[in-house]
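Undergrad: Next come the chains, spelled out residue by residue.
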Amino acid sequence: MKVFLAFVKKEFFHIFRDPRTLLILLGMPVVQIILFGFALSVEINNINVAIIAPERTETIRQITNKIAANRYFTVTGIYDSEDKPAELMRREKANVILRFNHDFNPFVRPVSETQMQIITNASNPNTAVQETMYLQSVINDYFREKQVSSVTPTISPVVRYLYNPGMQSAFNFVPGILGLLMIIICTMMTSVSIVREKETGTMEELLVSPVKPINIILAKMVPYFALSCVNLVTILLISRFVLNVPVSGSIFAIFGISLIYIILALALGMLISSIVKTQVAAMLISAMSLMLPVIILSGMIFPIESAPEFFRWLSCIIPARWYIAAMRKLMIEGLPITYVIKEIVILCGMAITLISISLLKFKNRLE
Amino acid sequence: MSAIEINNISKTYGTTTALDNISFNVKEGELFGLIGADGAGKTTLFRILTTLILADKGSASVNGFDVISQYKSIRNDVGYMPGRFSLYGDMTVKENLDFFASVFGTTLEQNRDLIEDIYCQIEPFNNRRSAKLSGGMKQKLALCCALIHKPSVLFLDEPTTGVDPVSRKEFWEMLHKLKKKGISILTSTPYMDEAGQCDRIAFIKQGKILTIDTPAGIIDSFGEPLFAVSANNMHTLLKAVREYPEVKNCYTFGEYHHFTVRDVKFKKAGFLSYLGSLGYENISINQITATVEDCYLKLSEL
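Protein chains in written order, with this note's numbering: chain A, 22 to 388; chain B, 1012 to 1313.
Don't read these hints as lab results, they were simulated from the structure.
Note that CB positions come from ideal geometry on N, CA and C, so glycine has one too.
Watch out, some of these pointers could steer you wrong.
If you want the footprint, here are the derived chain A segments under chain B, 3+ residues with CB under 8 Å [to be verified]:
id, segment
1, 224-231
2, 309-316
Heads up, simulated DMTMM-like pairs for lysine to aspartate or glutamate below, C-alpha to C-alpha not over 20 Å straight-line [what the hints assert, rightly or not]:
id, chain 1, residue 1, chain 2, residue 2
3, A, K384, B, D1067
4, B, K1068, A, E388
5, A, K233, B, E1292
6, B, K1068, B, D1031
7, A, K30, B, D1067
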C-alpha cells in the first residue's frame, strides 16, 4: 500500500509539474462548456429584417413595431422599393425581407387581395427555416391579438417543449461534453502517460523491481480518475449555475453512471497503452478512434436517428453514445434510474470487456 | 554458484541477429565487463538478464533463479541501471531517490551506508530537478537509485557513456568499492580503456562473444610484436605503411598508427629508410605492448 501511494504521489508530481497538461486537464472543461454553451448555440439571435412596404398603413406600422419589439429581430428599416433591401441582403446586413403588397389592408379588403412575402437567405437551410418560422409566429401573434380570424383561420395547437421549454442548446451539449471530456482525460492522458514511461525508459527500471506491473498501471489511473471526478463536479456546477441547465435527476444516479463511464475510459486507455509504443501513436489513436466518433457518432451534436444506417449501427459500439443518452435522461429529463437500465447494462458490459481484454494484453515484460 | 549464468542465449529482431548463441558465467563478487561497439547486442543481453525481454533460445539465471520462470525473485534481488538516463526528469534528486526506495520497500536512511560515497556528491543538489543535472551527476543519481535496495547483483548498461573523464574515473572507483562489499557487477562499455578496470572482460561483436579472459590474459594472448609509428604526415602515412610488404596489418590508434608484421625478424632500419625515401620526416617507430583495444581490433578483424 505504501508503495502504491508512492506511485500515486509520483503521478501527481508529473501532472502538476507539467503546466501544459494541467492546463488541458483543468482548463478544458471550462473552455468547452463556454464554447458549447454560449458560442456554439444553435439558437438564432439577431435576425435583421428589412421591410418593403409601398404604403405605410397603420397595420404595417403595428406589425413592424411588433417585430422590432421581439428579442430575436432587429428591423433595419422600411423601404419603398426592393432595391435597397436586396442590396442589404447581398451585404449580409439583412437576413430576411418581409414584403407587403400594394394596398395591404387585411382588415378592410378581402383576404385574397392581401398578400405578404417572406424572402430569406437559404444558403444555410436550417437558419432560413427557423428565421421564417420565428417571423411567421410573430405575425400570427399580431393577427390573433387583433382577432382577425380571416387571416388565421386554422386552429393553432399549443406547443409544449418538454424538459427544455426554452429550447436551449446547452441542455443538449452538457451531457455530450461530459462524454467527450472523460474520454480525453481518462483514455488519452492515461495511455499517453503510460507510454511516456516506456518511451523514456523509466518503465524498464520500474519493471526490474518487486512492484507488480499491474500496480504500476493502476497507480497511473488514480490521478486521472480523481481529476475526472473533479471535472465532473465542475461541469455539473457550471451547467447548473452558469448555463442554468437543470440537474433534475438523482445526483446518486448521475454520479453512478459517470463512474462506470470513467472506469470504462480508463480501461480503454490501458488497452491503447499496451498496443502502442510511442506517445504520438497513443495520442493519435485516442484522437482519431475516440474523439471523432464521440463528437460525430454519439449524438452529442448530430442526432443519431438521422445518420445513415451503417453509422447508426456503428454508433452502438461507441460507449459515449450510451453514456450521453443516459445522462440526458437523468439530468435533463429527470427520469428515475429505472429508465436508464439498458444504458447501464451496456456500459457495464463494455467496461468489463475492456478491462478483461486489457488485462489479457497486459505484459509483465517490455515486449 | 555463479552470480550470472548464460547458456546458449540467442535473440533476433526480425532479420537482425542481436545475440548469437552466447554463453558465459559471472562469478559471485566479480566485476565483469562486456566490451563492444554500439549495436553489438549488449543492451539486449542486459534486458534478457533483467527479465525485461525473453530470449528466443537458451537459458540464463541470476543468483540461481531462472530468468523466465523465477523472474519475480530476480526483480527483487538485482539493481539495474539502463543505458539511457531513465529517472524522472521532472522530479528532484531527493524525490527520485525516495520514490525508488519506496518502490523497493525501503527508505533512503536504511541503506544510506551503501550509497554514502556516491550520494554525498549529489546531496548538495537534492532539490534540483534531475533533468537539470550534468551528465556525470545524472549517472551518479541513477547508480544511487539502482543501489538503494542493496542488490546482490548489479547490471550497469554503459554507465559511463557521455560522462566526462573525471567523472568516469570516479565512477569506476565507486564500482570497485561496491565490489569490495560483495556485490557482483556486470557492466558494459564501449570504452576500451575502461576494460582494464574489470576482473574479467568479454568482447562482444555482432551478437557473438569473441573472447573472455582477464584483461592481462587478453593482452598476453595478443601473441605477436606490435609497433607504433608516427611521422609528419599521418594521413598518407597509413597508406604507405600498409603498402610495405612486411607489414601485416596497420590501423590508426590515437596519435600513432599501430602495425603488426608478417615476420618476427622485422628490421626497423629497413622500414625507416623506406619511409624516408617516401619523404616522411620526424619518423618514430617503437615496439610497444598491446592494449585491450589492440586485442579487440585484432579479434574483430578475424
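Undergrad: It remains to establish, for every hint, whether it holds in the given structure.
TA: Hint by hint, here is what the structure shows:
1. 224-231: Holds, because 7 residues of the segment 224-231 of chain A bring their Cβ atoms closer than 8 Å to Cβ atoms of chain B.
2. 309-316: violated (count 0)
3. A:K384 x B:D1067: Roughly 17 Å separates the two Cα atoms, so the pair holds.
4. B:K1068 x A:E388: holds, 16 Å
5. A:K233 x B:E1292: violated, 68 Å
6. B:K1068 x B:D1031: Since the Cα atoms of B:K1068 and B:D1031 sit roughly 9 Å apart, the hinted pair holds (cutoff 20 Å).
7. A:K30 x B:D1067: violated, 38 Å
Violated hints for the displayed structure, listed by number in ascending order: 2, 5, 7.
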